[in-house]
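Based on the sequences and whatever the hints tell you, model everything.
Heads up: the sequence lines are chains A and B, in that order. First residue of the first sequence: 2, per our numbering; consecutive thereafter. First residue of the second sequence: 48, per our numbering; consecutive thereafter.
Hints may contain errors.
[Stated by the list, open to error] Capping the alpha-carbon separation at 25 angstroms, the derived lysine-lysine pairs in PhoX-like fashion look like this:
1) A:K212 x A:K278
2) B:K301 x A:K250
3) A:K212 x B:K106
4) B:K190 x B:K200
5) B:K190 x A:K124
6) B:K135 x A:K211
7) B:K106 x B:K49
8) B:K190 x A:K212
9) A:K245 x B:K301
10) B:K159 x A:K212
11) A:K211 x B:K103
[To be verified] FRET-style restraints, in silico, Cβ to Cβ:
12) A:E76 x B:D269: 52 to 60 angstroms
13) B:D206 x A:M2: 49 to 57 angstroms
14) A:Y132 x B:G284: 29 to 37 angstroms
15) B:K117 x A:I67: 45 to 53 angstroms
16) A:R133 x B:D206: 54 to 62 angstroms
17) B:D269 x A:R286: 39 to 47 angstroms
Treat the hints as calculated values from the structure; they're not laboratory data. By construction, the Cβ of each residue, glycine as well, lies at the ideal position given by its N, Cα and C atoms.
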Amino acid sequence: MIISVASGKGGTGKTTVSTALALSLPGPVQLLDCDAEEPNAHIFIKPDIKRTEDVFIYVPRIDEDICTLCGRCAEVCAYNAIAVLPGSGRTAGRALVFRELCHGCGSCRYFCPENAIKEEKRKVGVVEVGYRGELEFVHGRMNIGEAMSPPVIRAVKHKLNKGRTVIVDAPPGTTCPVITAIHGSDACVLVTEPTPFGLHDLRLTVEVIKKMDIPFGVVINRHGLGDERTEEYCAQEGIPVLMKIPFSKEIAAEYSRGISIVEAFPEYRDEFAGLVKKLEEEMSR
Amino acid sequence: MKQVVVISGKGGTGKTVITASFAAIARSKVMVDCDVDAADLHLLLDPATRQNGMFKSGKTAEINPEKCVKCGLCRGICRFRAVTADFKVDPISCEGCAFCSFICPEKAIEMKENVTGEWFVSDTRFGPMVHARLGIAEENSGKLVSLVKGKAKEIAEKDGHEWVIVDGSPGIGCPVIASLSGANAAIVVTEPTLSGLHDAKRVVAMARHFNVPVMFIINKYDLNERMADDIRAYCCGEKIDVIARIGFDEDVVKAMVEGKTIIEYAENVTTRAIREAWEAVTSIGAG
Numbered sequence: 002m003i004i005s006v007a008s009g010k011g012g013t014g015k016t017t018v019s020t021a022l023a024l025s026l027p028g029p030v031q032l033l034d035c036d037a038e039e040p041n042a043h044i045f046i047k048p049d050i051k052r053t054e055d056v057f058i059y060v061p062r063i064d065e066d067i068c069t070l071c072g073r074c075a076e077v078c079a080y081n082a083i084a085v086l087p088g089s090g091r092t093a094g095r096a097l098v099f100r101e102l103c104h105g106c107g108s109c110r111y112f113c114p115e116n117a118i119k120e121e122k123r124k125v126g127v128v129e130v131g132y133r134g135e136l137e138f139v140h141g142r143m144n145i146g147e148a149m150s151p152p153v154i155r156a157v158k159h160k161l162n163k164g165r166t167v168i169v170d171a172p173p174g175t176t177c178p179v180i181t182a183i184h185g186s187d188a189c190v191l192v193t194e195p196t197p198f199g200l201h202d203l204r205l206t207v208e209v210i211k212k213m214d215i216p217f218g219v220v221i222n223r224h225g226l227g228d229e230r231t232e233e234y235c236a237q238e239g240i241p242v243l244m245k246i247p248f249s250k251e252i253a254a255e256y257s258r259g260i261s262i263v264e265a266f267p268e269y270r271d272e273f274a275g276l277v278k279k280l281e282e283e284m285s286r
Numbered sequence: 048m049k050q051v052v053v054i055s056g057k058g059g060t061g062k063t064v065i066t067a068s069f070a071a072i073a074r075s076k077v078m079v080d081c082d083v084d085a086a087d088l089h090l091l092l093d094p095a096t097r098q099n100g101m102f103k104s105g106k107t108a109e110i111n112p113e114k115c116v117k118c119g120l121c122r123g124i125c126r127f128r129a130v131t132a133d134f135k136v137d138p139i140s141c142e143g144c145a146f147c148s149f150i151c152p153e154k155a156i157e158m159k160e161n162v163t164g165e166w167f168v169s170d171t172r173f174g175p176m177v178h179a180r181l182g183i184a185e186e187n188s189g190k191l192v193s194l195v196k197g198k199a200k201e202i203a204e205k206d207g208h209e210w211v212i213v214d215g216s217p218g219i220g221c222p223v224i225a226s227l228s229g230a231n232a233a234i235v236v237t238e239p240t241l242s243g244l245h246d247a248k249r250v251v252a253m254a255r256h257f258n259v260p261v262m263f264i265i266n267k268y269d270l271n272e273r274m275a276d277d278i279r280a281y282c283c284g285e286k287i288d289v290i291a292r293i294g295f296d297e298d299v300v301k302a303m304v305e306g307k308t309i310i311e312y313a314e315n316v317t318t319r320a321i322r323e324a325w326e327a328v329t330s331i332g333a334g
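This is the structure:
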């Protein structure tokens with residue numbers, strides 16, 4: 002079973018929930034931290050990293066000796082990653098590749114009539130695999146200055162081990178990185194907080210999950226802070242509230258030290274394990 | 048006209064609360080919400096839309112089943128595995144490169160433009176605000192960020208506003224890079240947590256990569272004072288000014304529930320700290 006933990010907005014407690022789930026569930030578990038821009042789960046899991054693999058995309062290298070500056074490559078590039086400058090009387094023409102804009106689709110190489118384009122690897126991030134006892138841990142880190150996290154997220158998801166219960170810690174937001182992370186999940190946990198910001202972002206995320214047709218439930222974090230509108234919304238929409246984590250300075254302080262809620266307060270372990278049962282009920286509906 | 052961008056690395060650190068407070072304090076400014084993915088600033092500023100428009104960006108392939116002969120060429124070349132076994136395009140995987148549409152011998156593949164969002168120019172009780180809403184599950188928010196920032200700059204220049212105050216996007220990817228471009232200063236709002244410090248370091252590296260000077264605000268510092276000191280020590284080592292240390296304050300949540308900024312809601316130690324932070328921002332701008 003693959004369970005994604007998403008949040009719409011950052012800072013609502015997604016990593017708190019996903020790491021607590023990973024540490025509470027019985028049987029073999031795998032945790033994939035797909036927040037490649039800001040991976041944090043490792044801070045709480047403290048895995049023993051065993052393997053590090055680079056994530057590459059393939060970008061074109063144009064052989065200037067062969068290139069005739071015909072411009073076909075620039076024409077087929079949907080990302081404006083290639084510019085072909087024709088020469089004038091005094092200056093030689095050039096074909097320029099903007100590697101940061103390239104998505105690595107390979108179109109330019111295929112269509113080059115002169116076979117002047119080769120592809121070379123460009124490192125966009127790394128994937129690390131580690132263990133904490135039985136728990137298998139995988140995360141990706143995008144290089145700083147990169148614009149696109151999906152290639153790194155995809156590389157993390159290639160490590161998905163169907164023999165285990167898989168927890169996916171999704172990036173925040175409702176755009177392509179989240180979709181890439183959640184894609185293929187059996188169920189989803191949405192973490193929110195009972196404030197107007199939290200509710201607003203929860204509504205957006207609910208739209209996404211409904212569109213993707215994945216069964217889901219909500220965890221309300223910092224319950225007691227803010228107002229009742231989030232619970233009212235869930236009741237109106239028939240969204241199950243799987244769990245409420247009370248607002249507590251003690252929990253926040255343990256979090257700040259990188260200690261999982263279930264390690265600091267073991268009484269939450271059963272509740273997190275039980276959360277999955279509730280999700281399974283949602284799935285069988 | 049100067050631009051100040053409030054960023055955080057990690058979400059939920061109080062970026063929007065700080066931005067809205069700056070908006071309440073600054074005299075002559077245009078506000079921009081660049082967190083187009085999960086825009087929240089409007090919840091505090093209650094904007095009345097004056098102008099809006101659709102935002103189109105990127106394309107997605109679509110296979111016409113009547114023309115398709117299932118030759119498999121498109122499936123073979125697609126590196127994003129977006130063509131399914133029954134020759135449909137999975138729009139989530141499609142990166143819009145159009146390789147398939149060029150290669151299809153039957154001309155059965157069309158690239159359809161995506162409407163990915165909507166932008167707004169609005170009036171608020173603190174002045175003009177530019178914001179956007181990104182369509183669900185869409186990408187390219189970096190371009191939408193550039194668009195809203197461009198509009199804000201136009202307004203600021205036309206009406207002679209002194210500041211453009213930007214609520215930046217979280218993370219370190221495309222939207223933040225777009226948020227930061229052209230900024231005179233970036234304010235990093237961070238919480239005293241291990242993950243907060245971890246993310247703040249990444250965002251500092253990113254801002255420096257783009258030559259934008261950074262200043263820090265440590266929010267909710269009393270959740271873990273030792274960690275707050277670690278962040279201060281880190282800033283000191285990096286020669287970064289910490290322009291405010293703000294304690295956890297339930298009034299901030301109460302103000303939010305009422306749709307107000309903390310500046311309007313209370314006059315207390317938090318608001319004093321934020322006012323001093325704004326002073327620090329403006330003095331840098333003057334220098």
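Hint by hint, here is what the structure shows:
1. A:K212 x A:K278: 23 angstroms, holds
2. B:K301 x A:K250: Holds, because 17 angstroms separates the two Cα atoms, which is no more than 25 angstroms.
3. A:K212 x B:K106: 19 angstroms, holds
4. B:K190 x B:K200: 15 angstroms, holds
5. B:K190 x A:K124: 24 angstroms, holds
6. B:K135 x A:K211: Holds. K135 of chain B to K211 of chain A sits at ~21 angstroms (cutoff 25 angstroms).
7. B:K106 x B:K49: Violated - the C-alpha atoms of K49 of chain B and K106 of chain B are around 35 angstroms apart, more than 25 angstroms.
8. B:K190 x A:K212: 24 angstroms, holds
9. A:K245 x B:K301: This hinted pair holds, its Cα atoms lying about 20 angstroms apart.
10. B:K159 x A:K212: 20 angstroms, holds
11. A:K211 x B:K103: Since the Cα atoms of K211 of chain A and K103 of chain B sit roughly 23 angstroms apart, the hinted pair holds (cutoff 25 angstroms).
12. A:E76 x B:D269: 52 to 60 angstroms: 59 angstroms Cβ-Cβ, so the 52 to 60 angstroms window holds.
13. B:D206 x A:M2: 49 to 57 angstroms: 56 angstroms, holds
14. A:Y132 x B:G284: 29 to 37 angstroms: 33 angstroms, holds
15. B:K117 x A:I67: 45 to 53 angstroms: 35 angstroms, violated
16. A:R133 x B:D206: 54 to 62 angstroms: 56 angstroms Cβ-Cβ, so the 54 to 62 angstroms window holds.
17. B:D269 x A:R286: 39 to 47 angstroms: 44 angstroms, holds
Checked against the numbered hints above, the structure breaks hints 7, 15 and satisfies the rest.
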